[in-house]
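Quick note, the sequences are listed as chains A and B, same order.
First residue of the first sequence? That's 18 in the numbering used here, and the numbers climb one at a time after it.
First residue of the second sequence? That's 74 in the numbering used here, and the numbers climb one at a time after it.
Just so you know, not all the hints are guaranteed correct.
Claimed, not checked - Here are the simulated lysine-lysine pairs, PhoX-like style, with alpha carbons at most 20 Å apart: (1) B:K102 to A:K103; (2) A:K84 to B:K75; (3) B:K75 to A:K157; (4) A:K99 to A:K160.
Said to hold, decoys possible - Listed next, the stretches of chain B that the computed footprint assigns to chain A, with coverage defined by at least 3 CB atoms under 8 Å from CB atoms of chain A: (5) 75-86; (6) 89-103.
Derived by calculation from the structure, the hints in this document are not laboratory data.
All C-beta atoms, glycine included, are put in the ideal place defined by N, C-alpha and C.
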Amino acid sequence: VDERLKSAKSLTRLTGKTRLPNRSFRRQITLCCAAVFLFSGIASAQGTPRGFWSVADGDAAHNNWQKAETEITTDTVAKDFKLLWKIKLGNGAAKTASFSEPLLFPGMITGRGFKDLAFWGDANTLYAVDSELGTLVWQKDFKIESPACGGVNIQVATEAPQVIHFGARRPAGSRPAACPSSGSSRPCFRSVAWARRREADISA
Amino acid sequence: LKGVYALTSDGYLHEQIMATGLDYAPPVKFFPAQREAPSA
Numbered sequence: 018v019d020e021r022l023k024s025a026k027s028l029t030r031l032t033g034k035t036r037l038p039n040r041s042f043r044r045q046i047t048l049c050c051a052a053v054f055l056f057s058g059i060a061s062a063q064g065t066p067r068g069f070w071s072v073a074d075g076d077a078a079h080n081n082w083q084k085a086e087t088e089i090t091t092d093t094v095a096k097d098f099k100l101l102w103k104i105k106l107g108n109g110a111a112k113t114a115s116f117s118e119p120l121l122f123p124g125m126i127t128g129r130g131f132k133d134l135a136f137w138g139d140a141n142t143l144y145a146v147d148s149e150l151g152t153l154v155w156q157k158d159f160k161i162e163s164p165a166c167g168g169v170n171i172q173v174a175t176e177a178p179q180v181i182h183f184g185a186r187r188p189a190g191s192r193p194a195a196c197p198s199s200g201s202s203r204p205c206f207r208s209v210a211w212a213r214r215r216e217a218d219i220s221a
Numbered sequence: 074l075k076g077v078y079a080l081t082s083d084g085y086l087h088e089q090i091m092a093t094g095l096d097y098a099p100p101v102k103f104f105p106a107q108r109e110a111p112s113a
């Protein structure tokens, strides 16, 4: 028994020693998560994060306006903008006459680290380009069986950036949306008994 | 995994994995062929 107690104590000591760095590591992770949640809440208040252009014309309403952008002005365009890189895509004029509007997705996690990606499409190929380095990351050739007349380009859209909306609240004094199925002005609320009745109806 | 969607002129909607360009899922028929896609 003494031997067992001794070994248990030594194990506790050992695990105690190994747990200390783990605990501080966990604390760091918790702090990082809290910071991420906090900043994502701030980002949500500003709309689409800066640098994203996920569909042609900016959004479904064709606003062509990135509201989070604060640094690009008529002055900075004149002073600070210059050509950083250029890239040749496709096989020239024989293959394609034009490209679709470029879409931007910064901070994409890939096997080679974070990448700022830009997407273009021509008549049958989709290109992903590293917009920092100006290098082709990948291209996808689609086999189009019956292409449209006039060489219509591929229409491209990316997934919208994920934003956690911590600040989402109804305006003070407003009511929840009316329940569409019942037509009632009261919010949709179903009890457990209602769910069981519904299950019974379906199974019958 | 993030996706990028491509609508080709034969009417198929393709979804590619954004990081690699590989197929995320088989393409689906989205609109009849020989018609120009409506602007996004």
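Hint check:
no.: 1; hint: B:K102 to A:K103; verdict: violated, 35 Å
no.: 2; hint: A:K84 to B:K75; verdict: violated, 23 Å
no.: 3; hint: B:K75 to A:K157; verdict: holds, 16 Å
no.: 4; hint: A:K99 to A:K160; verdict: violated, 37 Å
no.: 5; hint: 75-86; verdict: holds (count 10)
no.: 6; hint: 89-103; verdict: holds (count 5)
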